[in-house]
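Going from the sequence shown to the numbering used here is simple: count from 1 and add 399.
Read the hints as simulated data drawn from the structure, not as lab findings.
Among the clues, some could well be false.
Said to hold, decoys possible - Derived SDA-like pairs (lysine to any residue); straight-line CA-CA distance at most 25 Å:
no.	residue 1	residue 2
1	Lys607	Val627
2	Lys402	Arg425
3	Lys639	Asn579
4	Lys628	Val643
5	Lys618	Val643
6	Lys434	Tyr445
7	Lys639	Glu600
8	Lys618	Glu572
9	Lys639	Arg612
10	Lys420	Ala410
11	Lys434	Gly458
12	Lys607	Gln642
13	Lys628	Lys639
14	Lys420	Arg497
15	Lys618	Phe597
16	Lys434	Gly448
17	Lys607	Ile581
18	Lys607	Arg646
19	Lys628	Gln642
20	Lys420	Glu435
Said to hold, decoys possible - Ranges between beta-carbon positions, derived for each pair:
no.	residue 1	residue 2	range
21	Arg594	Ile501	46 to 52 Å
22	Ser588	Met505	55 to 61 Å
23	Thr595	Gly504	43 to 49 Å
24	Asp592	Gly631	15 to 21 Å
25	Ile518	Glu462	58 to 64 Å
26	Lys628	Ile518	54 to 60 Å
Each residue gets a CB set at the ideal place from its N, CA and C atoms; glycine is no exception.
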Amino acid sequence: MGKILQEARQARGLSLEQVEKETKIRRRYLEALEKEAFDLLPGRVYVRGFLRTYARYLGLDAEALVARLEEMLPEEVEPVVRAIPGTGKKLRRLPLGRAVYIMAGMLLVFLLLWGGWWILGGSGHTAPDDRAGKQPAAFQGEQVNVPENRVSRDGDRANNKPDAPRPEDKSSEGVHLVLNVIDETCWMSVMVDGRTMFTGEVAASQSKSFQGRERIWIKLGNAGVVNVKVNGRDLGVLGKRGQVVSREFSAAALE
Numbered sequence: 400m401g402k403i404l405q406e407a408r409q410a411r412g413l414s415l416e417q418v419e420k421e422t423k424i425r426r427r428y429l430e431a432l433e434k435e436a437f438d439l440l441p442g443r444v445y446v447r448g449f450l451r452t453y454a455r456y457l458g459l460d461a462e463a464l465v466a467r468l469e470e471m472l473p474e475e476v477e478p479v480v481r482a483i484p485g486t487g488k489k490l491r492r493l494p495l496g497r498a499v500y501i502m503a504g505m506l507l508v509f510l511l512l513w514g515g516w517w518i519l520g521g522s523g524h525t526a527p528d529d530r531a532g533k534q535p536a537a538f539q540g541e542q543v544n545v546p547e548n549r550v551s552r553d554g555d556r557a558n559n560k561p562d563a564p565r566p567e568d569k570s571s572e573g574v575h576l577v578l579n580v581i582d583e584t585c586w587m588s589v590m591v592d593g594r595t596m597f598t599g600e601v602a603a604s605q606s607k608s609f610q611g612r613e614r615i616w617i618k619l620g621n622a623g624v625v626n627v628k629v630n631g632r633d634l635g636v637l638g639k640r641g642q643v644v645s646r647e648f649s650a651a652a653l654e
């Protein structure tokens, strides 16, 4: 298999550096495939992927080479496992690099939890406020100044009356536009709050509706066949048949 790859590459006048650049497979893995040094490759799944990519790049039958690879590779050994005492469950042995990442992640989580406890809980154990043990000034013989212009109970009740209902802000309704095409096709373009929401033709008896917060701008290519409604108000048609009309409706102007 490795000889087939090497001969095909050399027949095309390709170097390992060129193949590495084109296939994104590292040179040492390409060399390992050509030398059939499978112990230098990362794993069975990666070997299959590298071989398929390399073979297709050289114009070879990738699946035939993968089948030959399966015959050459040793049988995959089940990872070593150990039973956890008292549970009967098996624990897979993790690769060293992965175990280091997991331990680092656990340590980071622990530090975050400890830091959160120290900020929220630990910092809360401050010394009690000295003022807590002191009696109010009125009981220590100190003079307490009371404002002379006290508000009477009747005055308090008057001030506590509920506020009069505010008039409804009509501008919060925004702009609601409905375009009804009557009996002919009409090309139209609609922009809502500065963004183009529709451009194209609308057939007869069809309608389009749009909702904007501040303004809606329209351009009608056949204004005489489009009935316009804004915030429930029927404006009728904005022009004659075949006439091009542009119009903008703003929430402020509709108040």
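Worksheet item: Which hints, by number, does the structure contradict?
Response: 9 and 14
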